[in-house]
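K.L.:
Let the hints inform the model, and build the full structure from the sequences given.
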Amino acid sequence: DAMVIQNPRYQVTQFGKPVTLSCSQTLNHNVMYWYQQKSSQAPKLLFHYYDKDFNNEADTPDNFQSRRPNTSFCFLDIRSPGLGDAAMYLCATSRAAEALSYNEQFFGPGTRLTVL
Amino acid sequence: GNSVTQMEGPVTLSEEAFLTINCTYTATGYPSLFWYVQYPGEGLQLLLKATKADDKGSNKGFEATYRKETTSFHLEKGSVQVSDSAVYFCALVSNYQLIWGAGTKLIIKP
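If you read the protein sequences in the order shown, they are chains A and B. In terms of our numbering, the first sequence opens at residue 1 and continues consecutively. In terms of our numbering, the second sequence opens at residue 117 and continues consecutively.
No lab work stands behind these hints: they were computed from the structure. You may find that some hints are simply not true.
[Unchecked claim] Straight-line alpha carbon distances no greater than 27 angstroms define the calculated DSSO-like cross-link-like pairs of lysine-lysine that follow:
hint : chain 1 : residue 1 : chain 2 : residue 2
1    : A       : Lys44     : A       : Lys17
2    : B       : Lys165    : A       : Lys38
3    : B       : Lys172    : B       : Lys221
4    : B       : Lys225    : B       : Lys193
5    : A       : Lys38     : B       : Lys168
6    : B       : Lys165    : B       : Lys193
7    : B       : Lys193    : B       : Lys168
8    : B       : Lys165    : A       : Lys44
9    : B       : Lys168    : B       : Lys184
10   : B       : Lys221    : B       : Lys184
11   : A       : Lys38     : B       : Lys221
12   : A       : Lys44     : B       : Lys225
13   : B       : Lys193    : B       : Lys176
14   : B       : Lys168    : B       : Lys225
15   : B       : Lys225    : A       : Lys38
16   : B       : Lys184    : B       : Lys225
17   : B       : Lys176    : B       : Lys225
18   : A       : Lys17     : A       : Lys38
[Unchecked claim] Computed beta-carbon distance windows for the label pairs:
hint : chain 1 : residue 1 : chain 2 : residue 2 : range
19   : A       : Thr26     : B       : Ser195    : 31 to 39 angstroms
20   : B       : Gly157    : A       : Asn63     : 21 to 29 angstroms
21   : B       : Gly145    : A       : Leu83     : 37 to 45 angstroms
22   : A       : Lys17     : B       : Gly145    : 39 to 47 angstroms
23   : B       : Pro156    : A       : Glu104    : 21 to 29 angstroms
24   : B       : Asp171    : A       : Pro69     : 35 to 43 angstroms
Because the structure is a prediction, the values reported are computed rather than measured. Yeah, the Cβ is synthetic: ideal placement off N, Cα and C, and Gly gets one too.
P.N.:
Shown next, in the form of structure tokens:
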């Protein structure tokens, strides 16, 4: 089945120790998103890629970076995790047939990050 | 700007009860509307969607109708099960973003 895969499902890191979360998709969607979600609140968009074009949300801290080496993979790098970065991180994809015409988003299972 | 408002939870019901979770929106134009569901410890799943006025989305016994005149997209189910316990999010698409409601936690008791 076509799907969005996130690894690992659970990640524990130490305060200040860089961590990378991974997302892959078999849907061949051209848009990939990273969200942060805390305590069953609404997800907060961090950034997204439209093909290779990176789009950062204005309020996303510089501590969060992303890479998309190819259509299938996207990574979230947290350079120096703080206690406040402990959250569920969700990857999503969508197919955009044309600019600004974004379809529904398909989500991965998420990676729960714990910062000690 | 665009926004989504949904009823606060938690909503607690007995099994086989009728469910309504209210959702209203403010938007420019007529965006597509969605209900997503999040089961404990899992990611978000699209439950149903509607892309234009008067469309009815349905899935797994859940329904929602896109009401332009009342700017609403209320979620309903005739007979809930314990397995429906989850958090439900109403959302609309605005450019590249999903604009989310705050989420409604649903608890179904046997």
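K.L.:
Now tell me if each hint is right for this structure.
P.N.:
Tested hints:
1. Only pairs whose Cα atoms come within 27 angstroms are accepted, and Lys44 (chain A) paired with Lys17 (chain A) is accepted, the gap being roughly 23 angstroms.
2. The suggested pairing of Lys165 (chain B) with Lys38 (chain A) holds, with an alpha-carbon distance near 24 angstroms, which does not exceed 27 angstroms.
3. As the CA atoms of Lys172 (chain B) and Lys221 (chain B) are separated by approximately 23 angstroms, the hinted pair is consistent with the 27 angstroms bound.
4. Distance hint between Lys225 (chain B) and Lys193 (chain B) is fulfilled; the C-alpha atoms sit about 15 angstroms from each other, no more than 27 angstroms.
5. Annotation: proposed proximity of Lys38 (chain A) to Lys168 (chain B) is violated, straight-line Cα distance about 31 angstroms (limit 27 angstroms).
6. Simply put, Lys165 (chain B) and Lys193 (chain B) have alpha-carbon atoms about 15 angstroms apart, close enough for the 27 angstroms limit, and the pair holds.
7. Simply put, Lys193 (chain B) and Lys168 (chain B) have alpha-carbon atoms about 21 angstroms apart, close enough for the 27 angstroms limit, and the pair holds.
8. Proximity of Lys165 (chain B) to Lys44 (chain A) is assessed by CA-CA distance (about 20 angstroms); at most 27 angstroms being required, the pair is judged to hold.
9. Distance hint between Lys168 (chain B) and Lys184 (chain B) is fulfilled; the C-alpha atoms sit about 9 angstroms from each other, no more than 27 angstroms.
10. Straight-line distance between C-alpha atoms of Lys221 (chain B) and Lys184 (chain B) comes to about 26 angstroms, which keeps the hinted pair within the 27 angstroms bound.
11. Distance hint between Lys38 (chain A) and Lys221 (chain B) is fulfilled; the C-alpha atoms sit about 14 angstroms from each other, no more than 27 angstroms.
12. For the suggested pair Lys44 (chain A) and Lys225 (chain B), the alpha carbons sit about 30 angstroms apart, so the restraint of at most 27 angstroms is broken.
13. Between the alpha carbons of Lys193 (chain B) and Lys176 (chain B) the distance comes to roughly 9 angstroms, so the proposed pair stays at or under 27 angstroms and holds.
14. This hinted pair does not check out: Lys168 (chain B) and Lys225 (chain B) have alpha carbons roughly 35 angstroms apart, beyond 27 angstroms.
15. Restraint check for Lys225 (chain B) and Lys38 (chain A): the C-alpha separation of about 25 angstroms stays at or below 27 angstroms, so the hint holds.
16. At most 27 angstroms may separate the alpha-carbon atoms for a hinted pair to count; Lys184 (chain B) and Lys225 (chain B) exceed this at roughly 34 angstroms.
17. Taking the CA atoms of Lys176 (chain B) and Lys225 (chain B), the gap is near 19 angstroms; set against the 27 angstroms cutoff, the hint holds.
18. Distance check on the hinted pair: Lys17 (chain A) and Lys38 (chain A) sit about 20 angstroms apart at the alpha-carbon level, within 27 angstroms; holds.
19. At about 35 angstroms, the CB distance of Thr26 (chain A) to Ser195 (chain B) agrees with the hint of 31 to 39 angstroms.
20. For the pair Gly157 (chain B) and Asn63 (chain A), the beta carbons lie near 26 angstroms from each other, so the given range of 21 to 29 angstroms is met.
21. Judged by the Cβ atoms, the range 37 to 45 angstroms given for Gly145 (chain B) and Leu83 (chain A) holds: they are separated by roughly 41 angstroms.
22. At roughly 45 angstroms, the beta-carbon separation of Lys17 (chain A) and Gly145 (chain B) lies within the given 39 to 47 angstroms, and the hint holds.
23. For the hinted restraint 21 to 29 angstroms between Pro156 (chain B) and Glu104 (chain A), the CB-CB distance of approximately 23 angstroms keeps it satisfied.
24. Remark: the range hint 35 to 43 angstroms for Asp171 (chain B) to Pro69 (chain A) is upheld by a beta-carbon distance near 38 angstroms.
The structure fails to meet hints 5, 12, 14 and 16 from the earlier list, while all remaining hints are met.
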